[in-house]
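Participant: These are the residues of each chain, in order.
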Amino acid sequence: EAGVAQSPRYKIIEKRQSVAFWCNPISGHATLYWYQQILGQGPKLLIQFQNNGVVDDSQLPKDRFSAERLKGVDSTLKIQPAKLEDSAVYLCASSLRIRGVETQYFGPGTRLLVL
Amino acid sequence: GEDVEQSLFLSVREGDSSVINCTYTDSSSTYLYWYKQEPGAGLQLLTYIFSNMDMKQDQRLTVLLNKKDKHLSLRIADTQTGDSAIYFCAEGPHGQNFVFGPGTRLSVLP
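Taken in order, these protein sequences are the chains called A and B.
Heads up: the first sequence at position 10 corresponds to 10 in the numbering used here, and the numbers run straight through without jumps.
Heads up: the second sequence at position 9 corresponds to 9 in the numbering used here, and the numbers run straight through without jumps.
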């Protein structure tokens, strides 16, 4: 079974530039998450999709971050314009409910450095 | 608000047992999870425990839950160098989102 795919793996941009990340979840997983993981911290949820609808985006900085999940499969996360404090690893995960347990599978992440 | 806390570092000798501790605040959490993150990789689910259980054992891993004190621990028996990683405790889902702790960096010394 293929895992969660993310691209690019690394990105370096200057502040005020724009950047986009792509995620392809595991086939058949209805729920997709984007997390921000700042160095030395645990992942923080940015947005959660159920199919192509948003379930929770309460921690997404909507003035600069946006995300979409077209046709309930792939998803993109965009930052426009980027700030220095956006430097982090952006993790995508998809999940499946197995015997009542929501089991998340994570991609390798996109490491973003904003200069 | 929801908060999950962990000690940041743990060092053990190869062959010894490791115990990683976690405290959480939301008593409504249905499941509590342990994830492992190796360098440059995403998180990998190790095990989970349902909130009405006290203990769960899975090969070398033992999870203990003290619901009264909101304390969760992960014990790794016969720790190996391949166990060196960052271990995250997480609570949820309740409402919609998972809440992760800051992670415990486990170093296994030969």
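None of these hints come from the bench; they were simulated from the model.
Wrong hints could be hidden among the right ones.
[Claimed, not checked] Simulated crosslink set (BS3-like; lysine-lysine; CA at most 25 Å straight-line):
# : chain 1 : residue 1 : chain 2 : residue 2
1 : B       : K70       : A       : K44
2 : B       : K70       : A       : K11
3 : A       : K11       : A       : K62
4 : A       : K11       : A       : K83
5 : A       : K15       : A       : K71
6 : B       : K67       : A       : K78
7 : A       : K78       : A       : K44
Participant: Hints first: check each against the structure and report whether it holds.
Facilitator: Here is how each hint holds up against the structure:
1. For the given pair, K70 (chain B) sits about 21 Å from K44 (chain A) by alpha-carbon distance, which is consistent with the 25 Å threshold.
2. Straight-line distance between C-alpha atoms of K70 (chain B) and K11 (chain A) comes to about 39 Å, which puts the hinted pair past the 25 Å bound.
3. Of the pairs offered as hints, the one joining K11 (chain A) and K62 (chain A) holds, with about 21 Å between alpha carbons and a cut-off of 25 Å not exceeded.
4. With a C-alpha separation of about 14 Å, the suggested pairing of K11 (chain A) with K83 (chain A) holds against the 25 Å cut-off.
5. The straight-line distance between the Cα atoms of K15 (chain A) and K71 (chain A) is roughly 31 Å, outside the 25 Å bound, and the hint therefore fails.
6. A distance of roughly 39 Å separates the Cα atoms of K67 (chain B) and K78 (chain A); the hinted pair therefore is violated under the 25 Å criterion.
7. Of the supplied pair hints, the one linking K78 (chain A) and K44 (chain A) holds, its CA atoms being roughly 16 Å apart against a limit of 25 Å.
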